[in-house]
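The listed protein sequences correspond, in order, to chains A and B.
So in the working numbering, spot 211 of the first sequence is number 211, and the numbers just go up one at a time.
So in the working numbering, spot 171 of the second sequence is number 171, and the numbers just go up one at a time.
A couple of the hints might just be wrong.
Part of the chain B face toward chain A, derived, beta carbon under 7 Å [what the hints assert, rightly or not]:
#: 1; residue: Ser-6
#: 2; residue: Pro-9
#: 3; residue: His-10
#: 4; residue: Ile-11
#: 5; residue: Gln-12
#: 6; residue: Ile-118
#: 7; residue: Thr-157
#: 8; residue: Pro-159
#: 9; residue: Asp-177
#: 10; residue: Leu-262
#: 11; residue: Lys-265
#: 12; residue: Phe-314
#: 13; residue: Lys-316
The list that follows gives simulated cross-link-like pairs (lysine to aspartate or glutamate, EDC-like), each with its CA atoms no further than 20 Å apart [as the list claims (entries may be wrong)]:
#: 14; chain 1: A; residue 1: Lys-141; chain 2: A; residue 2: Glu-111
#: 15; chain 1: B; residue 1: Lys-2; chain 2: A; residue 2: Asp-332
#: 16; chain 1: B; residue 1: Lys-316; chain 2: A; residue 2: Glu-387
#: 17; chain 1: A; residue 1: Lys-382; chain 2: B; residue 2: Asp-177
#: 18; chain 1: B; residue 1: Lys-316; chain 2: A; residue 2: Glu-398
#: 19; chain 1: B; residue 1: Lys-312; chain 2: A; residue 2: Asp-73
#: 20; chain 1: B; residue 1: Lys-205; chain 2: A; residue 2: Glu-4
#: 21; chain 1: A; residue 1: Lys-179; chain 2: A; residue 2: Asp-107
#: 22; chain 1: B; residue 1: Lys-19; chain 2: A; residue 2: Asp-73
#: 23; chain 1: A; residue 1: Lys-97; chain 2: A; residue 2: Glu-50
#: 24; chain 1: A; residue 1: Lys-86; chain 2: A; residue 2: Asp-107
#: 25; chain 1: B; residue 1: Lys-13; chain 2: A; residue 2: Glu-223
#: 26; chain 1: A; residue 1: Lys-221; chain 2: A; residue 2: Glu-4
#: 27; chain 1: A; residue 1: Lys-110; chain 2: A; residue 2: Glu-50
#: 28; chain 1: B; residue 1: Lys-316; chain 2: A; residue 2: Asp-249
#: 29; chain 1: B; residue 1: Lys-72; chain 2: A; residue 2: Glu-353
#: 30; chain 1: A; residue 1: Lys-17; chain 2: A; residue 2: Glu-115
#: 31; chain 1: B; residue 1: Lys-316; chain 2: A; residue 2: Glu-229
#: 32; chain 1: A; residue 1: Lys-306; chain 2: A; residue 2: Asp-107
#: 33; chain 1: A; residue 1: Lys-409; chain 2: A; residue 2: Glu-354
#: 34; chain 1: A; residue 1: Lys-84; chain 2: A; residue 2: Glu-98
#: 35; chain 1: B; residue 1: Lys-2; chain 2: A; residue 2: Glu-47
#: 36; chain 1: A; residue 1: Lys-195; chain 2: A; residue 2: Glu-175
#: 37; chain 1: A; residue 1: Lys-389; chain 2: B; residue 2: Asp-306
Some chain B residues flagged as far from chain A (calculated, every beta-carbon gap over 10 Å) [as the list claims (entries may be wrong)]:
#: 38; residue: Met-1
#: 39; residue: Phe-3
#: 40; residue: Phe-26
The set of hints was computed from the structure by calculation and includes no laboratory data.
C-beta atoms are modelled at their ideal positions from N, C-alpha and C, and glycine is treated no differently.
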Amino acid sequence: MKIEENKEPQHNFHSEKFLNPRILYLHLSQHTGKQSKPLIKVGDLVEEGEVIASEDGYISSRLHAPAKGKVIDIADLAHPILKKAKAIVIECLDQKKEFVRNKNVSDLSKEELLECIRNSGIVGMGGAAFPTHVKLNPPKKIVTLIINGCECEPYLAADYRLMVENIEGIFLGIEIISKILQPKNIIIAVEDNKKDAIKNINSIINLKKISLPNISLKVLKTEYPQGGEKQLIYTLTKKVVPSGKLPFDVGCLVQNVSTCFAIYQAVYYNKPLIERLVTFAGDALVLPKNIWVKIGTTLRELFDKKVLEFKVEPKKIICGGPMMGIALDSLDYPILKATSGFLFLNKPVSFLEEKPCIRCGECIRNCPMGLMPCLINLYTLKQSFDEAKMLGALDCIECGVCSFVCPAKRFLVQSIKNAKLNLLK
Amino acid sequence: MKFIVSHSPHIQKKETIQKIMWSVSFSLIPAGIAGILFFGYHALLIIFLGTFTAVFTEAFIQILTRQKITIKDGSAFLTGLLLAYNLPPSVPFWIPIVGSFFSIALGKQIFGGLGQNIVNPALLGRVFLLASWPKYMTTFVKPNFNLFNFFKFDAITAPTPLSLLKEAKPIGVTYLDLFLGNRGGCIGEVCIIALLLGALYLLIKKYIYLYIPLTYIGTVGIFTYIFGPSGFFKGDWLFHILSGGLILGAFFMATDYVTSPLTTKGQIIFGIGCGIITSVIRLWGGYPEGVSYAILIMNLSTPLIDRYTKSKIFGK
Chain A
1 MKIEENKEPQ HNFHSEKFLN PRILYLHLSQ HTGKQSKPLI KVGDLVEEGE
51 VIASEDGYIS SRLHAPAKGK VIDIADLAHP ILKKAKAIVI ECLDQKKEFV
101 RNKNVSDLSK EELLECIRNS GIVGMGGAAF PTHVKLNPPK KIVTLIINGC
151 ECEPYLAADY RLMVENIEGI FLGIEIISKI LQPKNIIIAV EDNKKDAIKN
201 INSIINLKKI SLPNISLKVL KTEYPQGGEK QLIYTLTKKV VPSGKLPFDV
251 GCLVQNVSTC FAIYQAVYYN KPLIERLVTF AGDALVLPKN IWVKIGTTLR
301 ELFDKKVLEF KVEPKKIICG GPMMGIALDS LDYPILKATS GFLFLNKPVS
351 FLEEKPCIRC GECIRNCPMG LMPCLINLYT LKQSFDEAKM LGALDCIECG
401 VCSFVCPAKR FLVQSIKNAK LNLLK
Chain B
1 MKFIVSHSPH IQKKETIQKI MWSVSFSLIP AGIAGILFFG YHALLIIFLG
51 TFTAVFTEAF IQILTRQKIT IKDGSAFLTG LLLAYNLPPS VPFWIPIVGS
101 FFSIALGKQI FGGLGQNIVN PALLGRVFLL ASWPKYMTTF VKPNFNLFNF
151 FKFDAITAPT PLSLLKEAKP IGVTYLDLFL GNRGGCIGEV CIIALLLGAL
201 YLLIKKYIYL YIPLTYIGTV GIFTYIFGPS GFFKGDWLFH ILSGGLILGA
251 FFMATDYVTS PLTTKGQIIF GIGCGIITSV IRLWGGYPEG VSYAILIMNL
301 STPLIDRYTK SKIFGK
């Protein structure tokens with residue numbers, strides 16, 4: 001489905017840096033799985049890159065101090081997804097650490113590479129935040145490794161800028177993943193609106209700068225939700241991930257380009273995931289920007305320090321893209337490992353009043369999972385969750401297309417999410 | 001600063017029910033103009049009374065039941081318009097008033113308003129009129145295409161081509177007459193080219209899809225060709241497609257969202273069903289025309305069709 005992209009002008013703006021925040025809110029729950037266990041106590045002094053919380057269980061991830069500073073609090077703070085969650089608060093000291101290049105990367109074994117990724121606290125940076133060391137250790141052989149550079153959500157441009165400015169790093173990251181998984185082939189998927197990224201990737205592949213003979217670039221139509229894992233696998237390999245199964249069941253694995261870059265930094269520089277590129281956009285800003293920020297930097301600080309400025313008062317702040325992002329109620333939210341952007345909208349375009357369903361079938365025709373959202377909606381409103389399940393409510397990927405196209409402005413995806421919550425209880 | 005906190009998605013297509021309904025009404029304008037040109041000012045009066053009563057009834061009931069008044073969404077207007085298009089041009093002025101009232105009150109609002117009705121309200125109104133005042137509803141007049149005769153209404157009665165066929169009398173119209181609308185019939189159904197023009201607009205805007213109209217018209221064509229009165233595989237299929245209310249019904253009434261199946265598969269079954277029932281009534285039934293009954297019967301089967309034509313879930 002086509003959606004207005006709204007990627008201009010941030011698509012063309014070179015990334016900036018804001019790496020000296022005063023305060024950092026580091027949520028213990030930055031990832032899918034169990035939250036990290038804090039290893040420090042209030043009053044401790046931490047160094048940049050020091051582990052401040054360890055993984056708890058298999059599906060969990062580590063947390064590092066993004067800057068040198070003092071732990072001033074461990075408290076429940078605003079979290080975009082969990083509303084309130086435990087976070088470590090660090091007051092930063094103005095001191096930068098240089099991460100030196102690791103000389104013997106090529107000597108590292110598969111196990112050592114995985115260990116390095118685990119130690120660096122890397123999670124999927126496209127939004128799902130699944131711990132990468134777990135994903136890269138699948139129980140089945142991976143045939144096709146897919147590198148996701150689609151960034152199909154409107155407004156967001158961070159992945160694109162990364163592909164334009166740091167493509168070598170991304171390729172070195174892919175090389176590391178390839179060494180771990182030994183896939184038969186690697187496909188980089190990019191949408192056709194990312195011209196400069198396509199040029200960059202092609203030049204690297206054509207000049208054989210990287211020793212990956214089985215790599216290819218696939219330029220896809222700009223379409224939403226092109227970057228959805230199951231949709232992307234189907235588009236590229238025509239393999240259908242069965243309902244309730246994971247990509248590795250059909251021999252595929254999808255990694256986001258930002259995650260590849262984080263892996264490169266972890267392995268080549270021993271630099272844990274402590275900063276990322278984030279898009280800040282929307283009609284309420286004087287200028288949209290792509291900024292390298294420390295994980296844990298709050299929105300408020302970015303505005304206080306005039307890194308970002310409001311042109312007009314925003315009516316809505318969204319963490320993530322406009323299709324799947326979460327509306328925030330204040331500026332006191334920090335950047336998480338999987339946050340790819342924030343939107344500040346003065347003229348929100350979503351309707352808040354529902355009209356009756358006229359059974360036009362638009363939601364059915366556009367659902368990438370082949371569901372019937374209008375019917376699931378009706379059953380959910382009647383609390384008939386079993387019927388909702390029969391109609392495939394649990395297969396919903398929550399992309400929001402149904403609510404986007406609905407002429408009656410019904411809360412379709414919202415009610416399906418509700419059905420899922422009730423079914424998974 | 002205060003911010004709006006709402007669920008994703010935070011952007012939405014600008015499409016609304018209102019836009020769709022008014023677009024369908026808009027697409028019916030050429031057919032209406034043709035009807036008025038053929039049948040004079042009386043046709044215009046019927047269209048006006050039909051739409052006005054429909055909108056008035058909707059507002060009246062919504063006031064009585066203390067609901068929000070939703071006449072702006074255009075659905076009541078469209079129902080009144082379709083009902084008027086389905087009336088012979090010579091009916092007395094109170095026929096569209098009674099019909100529209102019945103359509104909105106007992107065809108739509110009694111079920112809970114927009115989206116809740118089980119059959120097409122305009123067609124329900126029409127068959128109510130047909131059952132109650134069959135004489136008015138089956139008397140048709142000769143078209144009189146003359147711009148200067150606009151205010152002259154000389155009701156020379158003329159049977160419709162389909163009723164002539166039923167009585168095995170010479171029909172006396174060419175395919176071109178049928179195509180342009182130069183024949184006896186209801187106000188909005190006669191001019192095929194004007195209807196197709198409107199349908200094309202809706203297809204381009206993607207407000208309707210071809211599944212129902214194509215299977216419907218196709219089935220009528222094939223069925224009447226095979227079982228036509230003049231012998232097996234000798235039926236005049238083109239005559240059957242162009243006459244009566246088939247084009248109006250197939251493109252503008254059978255495609256009504258609320259009362260037709262949700263999935264493509266279901267819509268194809270629906271279209272074929274409509275086609276078979278229409279042909280059976282036309283060839284062997286008591287009435288010369290069967291479009292209204294065919295669509296109404298298939299409207300009633302829609303829940304059943306929906307039950308057995310679920311969409312295919314990706315990965316299941």
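Okay, the hints, checked on the actual structure:
Nearest Cβ of chain A to the Cβ of Ser-6 of chain B: about 6 Å, under the 7 Å cut. The hint holds. Because the smallest distance between the Cβ of Pro-9 of chain B and any Cβ of chain A comes to about 4 Å, under 7 Å, the interface hint for this residue holds. Hint status for His-10 of chain B: holds, given a least beta-carbon distance of 4 Å to chain A, under 7 Å. Interface restraint check for Ile-11 of chain B: the shortest CB-CB distance to chain A comes to about 4 Å, inside 7 Å, so the restraint holds.
Proximity of Gln-12 of chain B to chain A holds as hinted, the smallest CB-CB distance being about 5 Å (cut-off 7 Å). The restraint placing Ile-118 of chain B at the interface with chain A is violated, with a minimum CB-CB distance near 12 Å, outside the 7 Å limit. For Thr-157 of chain B, the shortest C-beta to C-beta distance to chain A is roughly 39 Å, which exceeds 7 Å, and the interface hint is violated. With 7 Å as the threshold, the beta carbon of Pro-159 of chain B stays out of range of chain A, its nearest partner Cβ sitting at about 38 Å, so the hint is violated.
Contact between Asp-177 of chain B and chain A, as hinted, is not supported at the beta carbon level, the nearest pair being about 36 Å apart and thus beyond 7 Å. At a threshold of 7 Å, the smallest CB-CB gap from Leu-262 of chain B to chain A is about 5 Å, leaving the interface hint in force. With 7 Å as the threshold, the beta carbon of Lys-265 of chain B stays out of range of chain A, its nearest partner Cβ sitting at about 11 Å, so the hint is violated. With 7 Å as the threshold, the beta carbon of Phe-314 of chain B comes within range of chain A, its nearest partner Cβ sitting at about 5 Å, so the hint holds.
Taken as an interface hint, Lys-316 of chain B checks out: its beta carbon lies about 4 Å from the nearest beta carbon of chain A, inside 7 Å. Between Lys-141 of chain A and Glu-111 of chain A the CA atoms are separated by roughly 16 Å; this keeps the pair inside 20 Å, and the hint holds. The straight-line distance between the Cα atoms of Lys-2 of chain B and Asp-332 of chain A is roughly 13 Å, inside the 20 Å bound, and the hint therefore holds. For the given pair, Lys-316 of chain B sits about 16 Å from Glu-387 of chain A by alpha-carbon distance, which is consistent with the 20 Å threshold.
A distance of roughly 53 Å separates the Cα atoms of Lys-382 of chain A and Asp-177 of chain B; the hinted pair therefore is violated under the 20 Å criterion. With a C-alpha separation of about 18 Å, the suggested pair Lys-316 of chain B and Glu-398 of chain A falls inside the 20 Å cut-off, and the hint holds. Proximity of Lys-312 of chain B to Asp-73 of chain A is assessed by CA-CA distance (about 52 Å); at most 20 Å being required, the pair is judged violated. Taken as a hint, the Lys-205 of chain B and Glu-4 of chain A pair is honoured in the structure, with Cα atoms around 18 Å apart against an allowance of 20 Å.
At roughly 11 Å between alpha-carbon atoms, Lys-179 of chain A and Asp-107 of chain A fall within 20 Å of each other, so this suggested pair holds. Pair hint Lys-19 of chain B plus Asp-73 of chain A does not hold up; C-alpha atoms about 54 Å apart against a cutoff of 20 Å. The suggested pairing of Lys-97 of chain A with Glu-50 of chain A holds, with an alpha-carbon distance near 11 Å, which does not exceed 20 Å. The straight-line distance between the Cα atoms of Lys-86 of chain A and Asp-107 of chain A is roughly 39 Å, outside the 20 Å bound, and the hint therefore fails.
For the suggested pair Lys-13 of chain B and Glu-223 of chain A, the alpha carbons sit about 15 Å apart, so the restraint of at most 20 Å is met. Note on Lys-221 of chain A and Glu-4 of chain A: the hinted pairing holds, with a Cα-Cα distance of about 14 Å set against a maximum of 20 Å. At roughly 24 Å between alpha-carbon atoms, Lys-110 of chain A and Glu-50 of chain A are farther apart than 20 Å, so this suggested pair is violated. Note on Lys-316 of chain B and Asp-249 of chain A: the hinted pairing holds, with a Cα-Cα distance of about 14 Å set against a maximum of 20 Å.
Distance restraint check for Lys-72 of chain B and Glu-353 of chain A: the Cα-Cα separation of roughly 15 Å lies within the 20 Å cut-off, and the hinted pair is therefore satisfied. A threshold of 20 Å between alpha carbons decides the hint, and for Lys-17 of chain A with Glu-115 of chain A the separation of about 29 Å lies outside it, so the pair is violated. Our distance criterion of 20 Å between C-alpha atoms is met by Lys-316 of chain B and Glu-229 of chain A, whose separation comes to about 16 Å. A C-alpha spacing of about 45 Å is found between Lys-306 of chain A and Asp-107 of chain A, which places the hinted pair above 20 Å, so the restraint is violated.
At roughly 5 Å between alpha-carbon atoms, Lys-409 of chain A and Glu-354 of chain A fall within 20 Å of each other, so this suggested pair holds. A threshold of 20 Å between alpha carbons decides the hint, and for Lys-84 of chain A with Glu-98 of chain A the separation of about 34 Å lies outside it, so the pair is violated. Proximity of Lys-2 of chain B to Glu-47 of chain A is assessed by CA-CA distance (about 37 Å); at most 20 Å being required, the pair is judged violated. Only pairs whose Cα atoms come within 20 Å are accepted, and Lys-195 of chain A paired with Glu-175 of chain A is rejected, the gap being roughly 23 Å.
A hinted pair counts as satisfied when its Cα atoms are at most 20 Å apart, and Lys-389 of chain A with Asp-306 of chain B qualifies at roughly 17 Å. Under the 10 Å C-beta cut-off, the non-interface status given to Met-1 of chain B relative to chain A is violated; the minimum distance is some 6 Å. The non-interface label for Phe-3 of chain B is inconsistent with chain A: the shortest C-beta to C-beta separation is roughly 5 Å, within 10 Å. Listed as a non-interface residue, Phe-26 of chain B keeps its Cβ farther than 10 Å from every Cβ of chain A; the least gap is roughly 16 Å.
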